[in-house]
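Visitor: Position chain B relative to chain A; hints supplied.
Protein chains: 2
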Amino acid sequence: MKRVGKQSYAFVEGPSIEAAAVVVGPKEGKGMWRDYFDRVTEDHYYGMESFEKAEQRMMGEAAEMTLERKGLTKERLDLFLGGDLLNQTLTTNITARSLAAPFIGLYGACSTFASALLLGSMLIDAGYVENCLCGSSSHYCTAERQFRMPVEYGGQPKPWAQWTVTAAGTALLGRGERSMPRISRLTIGKVVDLGTRDPSDMGSAMAPAAADTILAHFREHGLRPDEYDLVLSGDLGAFGTKMCRSLLREQGLELDARYNDCGVLIFQDDEEAANGGSGAGCSTAFTLGPILAQLQSGQLRKVLIVGTGALLSSLSTLQGESIPGIAHAVAMEGVKA
Amino acid sequence: MKRVGKQSYAFVEGPSIEAAAVVVGPKEGKGMWRDYFDRVTEDHYYGMESFEKAEQRMMGEAAEMTLERKGLTKERLDLFLGGDLLNQTLTTNITARSLAAPFIGLYGACSTFASALLLGSMLIDAGYVENCLCGSSSHYCTAERQFRMPVEYGGQPKPWAQWTVTAAGTALLGRGERSMPRISRLTIGKVVDLGTRDPSDMGSAMAPAAADTILAHFREHGLRPDEYDLVLSGDLGAFGTKMCRSLLREQGLELDARYNDCGVLIFQDDEEAANGGSGAGCSTAFTLGPILAQLQSGQLRKVLIVGTGALLSSLSTLQGESIPGIAHAVAMEGVKA
Numbered sequence: 000m001k002r003v004g005k006q007s008y009a010f011v012e013g014p015s016i017e018a019a020a021v022v023v024g025p026k027e028g029k030g031m032w033r034d035y036f037d038r039v040t041e042d043h044y045y046g047m048e049s050f051e052k053a054e055q056r057m058m059g060e061a062a063e064m065t066l067e068r069k070g071l072t073k074e075r076l077d078l079f080l081g082g083d084l085l086n087q088t089l090t091t092n093i094t095a096r097s098l099a100a101p102f103i104g105l106y107g108a109c110s111t112f113a114s115a116l117l118l119g120s121m122l123i124d125a126g127y128v129e130n131c132l133c134g135s136s137s138h139y140c141t142a143e144r145q146f147r148m149p150v151e152y153g154g155q156p157k158p159w160a161q162w163t164v165t166a167a168g169t170a171l172l173g174r175g176e177r178s179m180p181r182i183s184r185l186t187i188g189k190v191v192d193l194g195t196r197d198p199s200d201m202g203s204a205m206a207p208a209a210a211d212t213i214l215a216h217f218r219e220h221g222l223r224p225d226e227y228d229l230v231l232s233g234d235l236g237a238f239g240t241k242m243c244r245s246l247l248r249e250q251g252l253e254l255d256a257r258y259n260d261c262g263v264l265i266f267q268d269d270e271e272a273a274n275g276g277s278g279a280g281c282s283t284a285f286t287l288g289p290i291l292a293q294l295q296s297g298q299l300r301k302v303l304i305v306g307t308g309a310l311l312s313s314l315s316t317l318q319g320e321s322i323p324g325i326a327h328a329v330a331m332e333g334v335k336a
Numbered sequence: 000m001k002r003v004g005k006q007s008y009a010f011v012e013g014p015s016i017e018a019a020a021v022v023v024g025p026k027e028g029k030g031m032w033r034d035y036f037d038r039v040t041e042d043h044y045y046g047m048e049s050f051e052k053a054e055q056r057m058m059g060e061a062a063e064m065t066l067e068r069k070g071l072t073k074e075r076l077d078l079f080l081g082g083d084l085l086n087q088t089l090t091t092n093i094t095a096r097s098l099a100a101p102f103i104g105l106y107g108a109c110s111t112f113a114s115a116l117l118l119g120s121m122l123i124d125a126g127y128v129e130n131c132l133c134g135s136s137s138h139y140c141t142a143e144r145q146f147r148m149p150v151e152y153g154g155q156p157k158p159w160a161q162w163t164v165t166a167a168g169t170a171l172l173g174r175g176e177r178s179m180p181r182i183s184r185l186t187i188g189k190v191v192d193l194g195t196r197d198p199s200d201m202g203s204a205m206a207p208a209a210a211d212t213i214l215a216h217f218r219e220h221g222l223r224p225d226e227y228d229l230v231l232s233g234d235l236g237a238f239g240t241k242m243c244r245s246l247l248r249e250q251g252l253e254l255d256a257r258y259n260d261c262g263v264l265i266f267q268d269d270e271e272a273a274n275g276g277s278g279a280g281c282s283t284a285f286t287l288g289p290i291l292a293q294l295q296s297g298q299l300r301k302v303l304i305v306g307t308g309a310l311l312s313s314l315s316t317l318q319g320e321s322i323p324g325i326a327h328a329v330a331m332e333g334v335k336a
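Quick note, the sequences are listed as chains A and B, same order. Residue numbering for the first sequence follows numbering that gives the first Met the number 0, beginning at 0 and increasing consecutively. Residue numbering for the second sequence follows numbering that gives the first Met the number 0, beginning at 0 and increasing consecutively.
Simulated from the structure, these hints should not be mistaken for laboratory data. Hints are not guaranteed to be accurate.
Derived pair list, reagent style SDA-like, types lysine to any residue, alpha-carbon separation capped at 20 Å [as the list claims (entries may be wrong)]:
(1) B:K5 <-> A:S321
(2) B:K73 <-> A:R2
(3) B:K1 <-> B:V150
(4) A:K73 <-> B:G4
(5) A:K73 <-> B:L193
(6) B:K5 <-> A:R174
(7) B:K5 <-> A:T72
(8) B:K52 <-> A:S321
(9) A:K73 <-> B:K5
(10) A:K52 <-> B:L317
(11) A:K73 <-> B:E271
(12) B:K301 <-> B:K52
(13) A:K5 <-> B:K73
(14) A:K52 <-> B:R2
(15) B:K1 <-> A:L314
(16) B:K52 <-> A:T316
(17) A:K5 <-> B:G175
(18) B:K52 <-> B:P198
(19) B:K52 <-> A:L314
So that you can see chain A by itself, here it is in the shape it has in the complex:
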């Protein structure tokens, strides 16, 4: 791997995504992308006694399915990297316990999955681990309870709020599968905070960070705007995506139809989530579902995934703090790229 700039790295032959699995909630399983997901839960409890335990079951099952697909036992897993939105990354800790593999927990809000892919691909490229499982998740009801109010209260979300995606996904990185999509380039994000304070409008908080990382990626790698079939921010939603596009344009980067957002796409056909999806599971599920399949089929050749995170907490909002944003970029190339 070659460092090509302050934040950016280019692989000579990057690690491949050897296997992946996504478990989604009922809403996500009804939409237009349902065939790309591996398992759909019948309801938000998924047979468990709490929403949190449902989310844990979802991530655990995604991990199991991923390892099974590669025929890898837990004992042969070299490293698990992951995190989620819950306080102290509860979902991931419980999954790590069931895997009993070397584990390092990450927290980058909805950018967590991208940061796992980033670190995992570096450690594999350096030859430190043979394989690495990367995972993340979110759950509508656990996130609402923790960040806003329990869904049982029946509160009205603000019209510009995004809808937290119920999904857990894991990907196994390795060097073995030449027939699977590879990670080709990385850009590590910096925190950007332009001072927004509305926790219902995380798209506006993250858009400047997304634009900053996308601009750094194209600049440091010396790429033309048409390098990627798709540049996909994590979960900026409809408003945030407009803002990001406008920030890119201001700096002379016109991506036009080549730029879109996982949050916008995942609920594209769902009027209830008018401003799109959010949550750590959003970009995880969309990347490992539709995008991975289309990279495998040749429908997409090169995609830049830009995981975006709003690094706020309920307490930081109460204390009047503005919302720090971050975004990490991971480029993937299909088999026919």
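Guide: Just chain B, lined up with the frame of chain A:
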């Protein structure tokens, strides 16, 4: 770097700790180790309007001092890795915003600092970054408010509870300083959970994980019990340390006086904290304070730091979940080793 076992790595010539700084609270600044810390806050507010903002100021100052000591501007910092105990790792996010360097957030409870050293030293050894700032913190009043009850309520801690250390520390890893202690070996921990459920007794929850990682470290590296002057678990406290020693003995590893615990040592002369200290700042401050100084002076030659984390949350306790433990080991060698 060479992988010597499932979880363990040995450096040929490991990265050095080029600079470090520790800011501690008033209690820590009164004790026997006070001269090893760089700055002591006069009270728990540290001139700020909330305990959380005080913790943020402490980590921000530690980072600034560390960079200043090395004469490194923020712009030349390649990577910041860190995390803390607060929900969504608030303290670290705010520090990352002030640094504006590439940032990846970690969460491993009180093992976070060890996981930052571990990842940072791997990325430097691989040549991916020239330098990496690793940081962590905890604050008695922010941790009490979040995990137990606000200190203003005057609640009585259980006699076996540990005392959260108020401290923030950061270390700059690099390859340049031959005159500074180096990181020589690593062991990445797995989650171990023997089923304890008392959140006031985190030492018992973490001791099995600490023993598991220490045993893996000695076994995979093929070391004799007298390899290190000191094997130092993070924050098991008095009871947890006894348990860890007994678990090691059961498996035939007798470390005797060569084994101790940062939590036990940091409040050794403080009757108020009878079961010792805890918190992500505990092992961070003790490692970067007394241990680093004694590695520099030659008083210590080789030390194994075993950061220990209890991966619980308030919610997991309410839901009757047992406490997953984890521990990561980082070996350091002094200049005269």
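Visitor: Work down the list of hints and note, for each, if the structure agrees.
Guide: Hints, verified against the model:
Only pairs whose Cα atoms come within 20 Å are accepted, and B:K5 paired with A:S321 is rejected, the gap being roughly 43 Å. Annotation: proposed proximity of B:K73 to A:R2 holds, straight-line Cα distance about 19 Å (limit 20 Å). Taking the CA atoms of B:K1 and B:V150, the gap is near 47 Å; set against the 20 Å cutoff, the hint is violated. Proximity of A:K73 to B:G4 is assessed by CA-CA distance (about 16 Å); at most 20 Å being required, the pair is judged to hold.
A hinted pair counts as satisfied when its Cα atoms are at most 20 Å apart, and A:K73 with B:L193 qualifies at roughly 19 Å. For the given pair, B:K5 sits about 18 Å from A:R174 by alpha-carbon distance, which is consistent with the 20 Å threshold. With a CA separation close to 14 Å, the supplied pair B:K5 and A:T72 stays within the 20 Å bound. Distance restraint check for B:K52 and A:S321: the Cα-Cα separation of roughly 13 Å lies within the 20 Å cut-off, and the hinted pair is therefore satisfied.
For the proposed pair A:K73 and B:K5, the alpha carbon gap of about 12 Å is at most 20 Å, so the pair holds. Between the alpha carbons of A:K52 and B:L317 the distance comes to roughly 12 Å, so the proposed pair stays at or under 20 Å and holds. Using a Cα cut-off of 20 Å, the hinted pair A:K73 and B:E271 is violated, with the two alpha carbons roughly 44 Å apart. At roughly 36 Å between alpha-carbon atoms, B:K301 and B:K52 are farther apart than 20 Å, so this suggested pair is violated.
Between the alpha carbons of A:K5 and B:K73 the distance comes to roughly 12 Å, so the proposed pair stays at or under 20 Å and holds. Distance hint between A:K52 and B:R2 is unfulfilled; the C-alpha atoms sit about 36 Å from each other, more than 20 Å. Note on B:K1 and A:L314: the hinted pairing is violated, with a Cα-Cα distance of about 43 Å set against a maximum of 20 Å. For the hint pairing B:K52 with A:T316, the CA-to-CA distance comes to about 13 Å; that is within 20 Å, so the pair holds.
Pair hint A:K5 plus B:G175 holds up; C-alpha atoms about 19 Å apart against a cutoff of 20 Å. The hinted pair formed by B:K52 and B:P198 fails the criterion: a straight-line CA distance of about 26 Å is larger than 20 Å. With a C-alpha separation of about 11 Å, the suggested pair B:K52 and A:L314 falls inside the 20 Å cut-off, and the hint holds.
Checked against the numbered hints above, the structure breaks hints 1, 3, 11, 12, 14, 15 and 18 and satisfies the rest.
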